[in-house]
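**Student:** With the sequences and hints as input, model every part of the structure.
If you want the working numbering, it's the 1-based position in the sequence shown plus 1.
Because the hints were derived from the structure by calculation, they are not lab data.
The structure presented is a predicted model; accordingly, all values stated were derived computationally and were not measured.
Treat the hints loosely; a few may be bogus.
Stated by the list, open to error - Subject to a maximum C-alpha distance of 20 Å in a straight line, what follows is the list of computed SDA-like cross-link-like pairs (lysine to any residue):
no., residue 1, residue 2
1, K85, S18
2, K260, R232
3, K75, S119
4, K145, S119
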Amino acid sequence: MSNEITRFPVLELERISKTFVQKPDLIIKIARKTGLGIPEQKVLALDDVSLDVYEGEVLGIVGESGCGKSTLGKIVSGLLSPDKGVIRYRGMGINEANSFVTRIACLGIQMIFQNPYSSLNPRMKIRDIIGEAAIVHGFTDKNKVDDYVDSLMIRCGLAPEYKNYYPHQFSGGQCQRIAIARALAVMPDVLICDEVVSALDVSVQAQILNLLTSLREESRLTSVFISHDLRVVEHMSNRIVTMYMGRIVEIAETGDLLKLPAHPYTCKLFEDAPSLNNRNVEFKSIEREIPSAFNPPSGCHFHLRCPKKMDICTQAVPKMISIEPGHKVRCHLFDLPS
2 MSNEITRFPV LELERISKTF VQKPDLIIKI ARKTGLGIPE QKVLALDDVS LDVYEGEVLG
62 IVGESGCGKS TLGKIVSGLL SPDKGVIRYR GMGINEANSF VTRIACLGIQ MIFQNPYSSL
122 NPRMKIRDII GEAAIVHGFT DKNKVDDYVD SLMIRCGLAP EYKNYYPHQF SGGQCQRIAI
182 ARALAVMPDV LICDEVVSAL DVSVQAQILN LLTSLREESR LTSVFISHDL RVVEHMSNRI
242 VTMYMGRIVE IAETGDLLKL PAHPYTCKLF EDAPSLNNRN VEFKSIEREI PSAFNPPSGC
302 HFHLRCPKKM DICTQAVPKM ISIEPGHKVR CHLFDLPS
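**Tutor:** What follows is the structure, given as structure tokens:
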């Protein structure tokens with residue numbers, strides 16, 4: 002990871018919140034029509050999330066399924082709109098109804114998805130999948146698109162002679178390379194990578210990770226790397242964010258977080274987890290199930306599973322506190338008077 006990291010934030014997220022309403026099933030629809038007052042079920046997927054992503058870094062986001070990682074990635078990339086909060090791309094607000102700024106941000110921030118097959122149009126040739134957006138946005142023209150697509154395919158480890166094939170004719174790893182080439186076609190400076198290797202064979206995962214690393218160094222890309230695989234995040238990231246039930250609970254440099262995690266959830270998450278230096282240790286899951294997202298616990302959401310729970314944890318939401326330079330944690334253990 003030799004990219005030079007600056008203290009200039011490419012992305013600034015300020016107090017982002019997002020709520021989803023569960024679609025009612027047939028029984029609930031019938032019950033409501035008969036006059037039963039069944040309330041809507043809502044999930045607060047993101048709760049007051051604030052975060053800066055600095056130029057040149059790889060920011061890893063970890064947490065159990067349903068913690069809000071992918072929702073955060075989709076909001077940053079413009080696929081979802083936040084209910085509250087502000088997102089800035091290079092100092093410009095991108096959710097403030099400014100079409101010019103939004104267009105710049107949509108090109109500058111590209112997302113690569115978990116399932117390479119479902120993210121590619123099965124009816125389009127690879128040439129069109131990679132080249133269409135580049136033509137529309139003026140990065141090339143119809144007369145030069147073949148050369149443009151060829152160069153992108155070569156950069157991503159694909160043979161250009163297959164550009165007239167369809168996605169189903171490629172393996173999962175090759176389809177993910179195509180998705181990466183499509184993202185690079187509009188010359189972004191930020192890549193949002195959402196579980197990009199979790200659907201691939203282990204033998205292919207390392208190839209895709211190495212490709213992303215080389216492309217990042219070559220093009221000076223900034224990356225947000227979302228994954229449930231702690232080994233992958235450890236390998237790829239400069240900083241790591243830990244999320245739990247829609248909230249950021251800890252953020253620190255990768256080395257600091259692995260060496261001395263502060264939040265009880267982060268400690269449990271990394272405790273005995275397989276790592277690059279400890280591959281054969283069996284992962285031990287955290288005691289008790291995650292509470293229902295439809296009825297989250299009061300105070301700190303983690304208090305039902307926390308081995309260090311105090312009375313205040315059930316009552317008050319902890320604030321994000323800086324405990325060391327670059328190391329922040331949201332936990333009452335660190336905001337009590339000394």
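**Student:** Given the hint that K145 pairs with S119, test it: the Cα-Cα distance must not exceed 20 Å.
**Tutor:** 28 Å, violated
**Student:** Is K75 within 20 Å of S119, Cα to Cα?
**Tutor:** Cα-Cα ~16 Å, so holds.
**Student:** With the threshold set at 20 Å, check whether the alpha-carbon distance from K260 to R232 stays at or below it.
**Tutor:** 14 Å, holds
**Student:** So if I understand the rule, the pair passes when the alpha-carbon distance is 20 Å or less; does K85 with S18 pass?
**Tutor:** Answer holds: K85 to S18 is near 5 Å, not above 20 Å.
Violated hint for the displayed structure: number 4, the only one.
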